[in-house]
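Participant: Residue numbers (the numbering used here), protein chains in the order written: chain A, 426 to 825; chain B, 426 to 825.
Calculated from the structure, these hints are not laboratory results. Just to be clear, a hint being listed does not mean it is correct.
As the list claims (entries may be wrong) - Beta-carbon label-pair distances, calculated as ranges:
1. A:Arg-553 <-> B:Gln-740: 35 to 43 Å
2. A:Met-657 <-> B:Asn-480: 18 to 26 Å
3. A:Glu-539 <-> B:Asn-711: 48 to 56 Å
4. B:Asn-713 <-> A:Ser-655: 49 to 57 Å
From a predicted model like this one, the values you see are computed outputs, not experimental measurements. Glycine included, each C-beta is placed from N, C-alpha and C at the ideal position.
Number of protein chains: 2
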Amino acid sequence: MALIVQKFGGSSVANATRVMHVAQTITDTYKAGNDVVVVVSAQGDTTDDLIEKANEINPKGSKREMDMLLTAGEQISIALLAMAIEKIGCPVVSLLGWQAGFHTDRAYGAARIESIKPERLQSELDKRKIVIVAGFQGINKADDLTTLGRGGSDTSAVALAAALHADLCQIYTDVTGVYTADPRKVSNAKKLTDITYDEMLELATLGAQVLNNRSVEMAKKYNVEIEVLSSMVKEPGTIVREVAKMEKMLIRGVTKDTDIARISVVGMKDVPGNAFKLFSSLAAKNINIDVILQSVGRDGTKDISFTCARANAEQAQELLEDLFSDEGAVVSSDTTVAKVSIVGAGMQSHSGTASKMFGALYEAGINIGMISTSEITVSVLIPKEDADKAVAAVHRAFFG
Amino acid sequence: MALIVQKFGGSSVANATRVMHVAQTITDTYKAGNDVVVVVSAQGDTTDDLIEKANEINPKGSKREMDMLLTAGEQISIALLAMAIEKIGCPVVSLLGWQAGFHTDRAYGAARIESIKPERLQSELDKRKIVIVAGFQGINKADDLTTLGRGGSDTSAVALAAALHADLCQIYTDVTGVYTADPRKVSNAKKLTDITYDEMLELATLGAQVLNNRSVEMAKKYNVEIEVLSSMVKEPGTIVREVAKMEKMLIRGVTKDTDIARISVVGMKDVPGNAFKLFSSLAAKNINIDVILQSVGRDGTKDISFTCARANAEQAQELLEDLFSDEGAVVSSDTTVAKVSIVGAGMQSHSGTASKMFGALYEAGINIGMISTSEITVSVLIPKEDADKAVAAVHRAFFG
Chain A
426 MALIVQKFGG SSVANATRVM HVAQTITDTY KAGNDVVVVV SAQGDTTDDL
476 IEKANEINPK GSKREMDMLL TAGEQISIAL LAMAIEKIGC PVVSLLGWQA
526 GFHTDRAYGA ARIESIKPER LQSELDKRKI VIVAGFQGIN KADDLTTLGR
576 GGSDTSAVAL AAALHADLCQ IYTDVTGVYT ADPRKVSNAK KLTDITYDEM
626 LELATLGAQV LNNRSVEMAK KYNVEIEVLS SMVKEPGTIV REVAKMEKML
676 IRGVTKDTDI ARISVVGMKD VPGNAFKLFS SLAAKNINID VILQSVGRDG
726 TKDISFTCAR ANAEQAQELL EDLFSDEGAV VSSDTTVAKV SIVGAGMQSH
776 SGTASKMFGA LYEAGINIGM ISTSEITVSV LIPKEDADKA VAAVHRAFFG
Chain B
426 MALIVQKFGG SSVANATRVM HVAQTITDTY KAGNDVVVVV SAQGDTTDDL
476 IEKANEINPK GSKREMDMLL TAGEQISIAL LAMAIEKIGC PVVSLLGWQA
526 GFHTDRAYGA ARIESIKPER LQSELDKRKI VIVAGFQGIN KADDLTTLGR
576 GGSDTSAVAL AAALHADLCQ IYTDVTGVYT ADPRKVSNAK KLTDITYDEM
626 LELATLGAQV LNNRSVEMAK KYNVEIEVLS SMVKEPGTIV REVAKMEKML
676 IRGVTKDTDI ARISVVGMKD VPGNAFKLFS SLAAKNINID VILQSVGRDG
726 TKDISFTCAR ANAEQAQELL EDLFSDEGAV VSSDTTVAKV SIVGAGMQSH
776 SGTASKMFGA LYEAGINIGM ISTSEITVSV LIPKEDADKA VAAVHRAFFG
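Just chain A, with the same shape it has in the complex:
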């Protein structure tokens, strides 16, 4: 017998049929002798519908009232899911974020969990009840409702698993696990049995939309074992944990991100502080930058290129033109690029991983723009039109 936290997203409970299906998954786990705590999001489009209602009335409503509004969404889904479990005939109780003991700071719309006081929840478990908890929400010191912001329900589930010392935190998604590449694009993509937190973080950052980063960071911090699995297909998923089983794999996955732009500033004065001026001004506007390349230009100048989200490209270009055009620098942006990355803790102890990747791209006839490496990743910038071909070529080189 184990204590298992299960998390289901909004699409998993979008209608009555899906709610009943999820209830079946939960009660199967319960009937196998486990204690089960379930974290659930708002149904399907509920959150978007509520935001639209608010915008019709006041697009600039306070975040406090927005949180009051949005937390109603999970309240509806926990009650419906509890009723579905009652129908199957298992003992169940639904709890709102505050009833489950989620105490947060005061940052409405993006609150951080400060503590979880699970006494009530534990007492329900002690009665052998299935406990359904509203994800994404908590309560602050003023006794007001707060939401945890994007990906909040994943974070709720992992935090709860940590607080309850759960044996496993199952995150049910629309994919059957974490793959070596996007299985819709790469036909022989392989599902990973397990993966480390750091690898998962890199994969998420580099474009794999499986788990929210904040929840993986929290899982790493509290050593919560996560299983990523499908809410529709009944098969084992991918386990995320600190010490992954040795699989003799150099890398764990190949990902792409096509939603980026390359910004280049050519001909800046090569004086101290210019790079700082550039990146601090971007940071002040909350523009996150990724791959950076600096090279010496002609006649005592230097060139800096970097990538950022495509949505920020125009703003970044204007900002840098204001800063550097006086000294003769030319700023350009290019949104026809993509980033392809390999991720894997295995490459730390192996040389030649990067060159194997570059060789695969060369053989596929793909030109590499910029290169960036970390301990467990290698990323290259290539033409966007070649992205799928590049992922396939690199995947073939490593996974055959």
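Put chain B on the given structure of chain A with help from the hints.
Facilitator: Relative to the frame of chain A, chain B by itself:
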């Protein structure tokens, strides 16, 4: 400056336009220098939609989870209304039932308010904020959400007015006040300036659908002054209070109820206990009876007739046939009847009120079946087809 509690029903906040209109009414009251507490119901069909969602999954879900589900409806409306008031630029905060201090018993679906602890609410008022409170809901000793049952938001408003010692509790409805007869049916119906609690209770019981009886009873108990007024038409409504202004009016209104049936048991044995047996068996099935007439029949028998809601007629007839047909009694039911009543505390000190009513009906050629009187009402049973004509005739006799 006064402290005013305002209550708006679901249709008053059914869409963005109406929410903005209600926000304007509230802020006008606030800007006139008053402290304002607002109780609001769930938007339009929200509650019915949520019930339908639940029925799709489990028509026999527990009441505890049903209350968890339904209380989300008011949570949505308080947040939206608060945002509308923010748009107008007045300070505002929305509070759920439990945040406003509504403590109830454990009867999910039909909870009774045990106490109101308005410290949080009072502290928001002290900051000169408009406070929007979710009607219909509270919290029980287990820290679980409860609903107050039908008419709950009216009750929330009156209870809050009592707890805060408010100067006035305004109940906004789709009518402009309490009339001497239904203004859609009787062209010269007059709006009452004021009315006593007892008169209001009788009017409500006798078919006028303006105020929920439970809230009037509570208002009477705690001496809360209520104003019934329109959420759409800006004009003074009708004040409900203990000592009504002397208006030299014998009666306050004429009402009809066409949703009734007359049940007759003819030829019961005239032995002690038969009447008790009859009415206790109806009470055991939760069939409320109204006008009762008992007369001596032939040969040591007696006849009992009474009225009940039309929906209960069939069940009542079957029940009584089982009980009394053995002793030769005949049970019949008649659903072609209507009850017309006059209500007014003034008639206590005037003789001739009943005969004036009977005279008006006689002149209109309407036959009276049964008669029932209380201190402040006279009711007659007449053919249903004559109901509107009867109301008009009686109204003319008393109001010209």
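Participant: Decide, hint by hint, whether the structure agrees.
Facilitator: Comparing the hints with the structure gives:
Restraint check, Arg-553 of chain A to Gln-740 of chain B: a C-beta distance of roughly 41 Å satisfies the suggested window 35 to 43 Å. Between Met-657 of chain A and Asn-480 of chain B the beta carbon distance is about 25 Å. The supplied range of 18 to 26 Å therefore holds. A hinted range of 48 to 56 Å for the beta carbons of Glu-539 of chain A and Asn-711 of chain B is consistent with their spacing of about 50 Å. Against the hinted window of 49 to 57 Å, the Cβ-Cβ separation of Asn-713 of chain B and Ser-655 of chain A comes to about 55 Å, which satisfies the hint.
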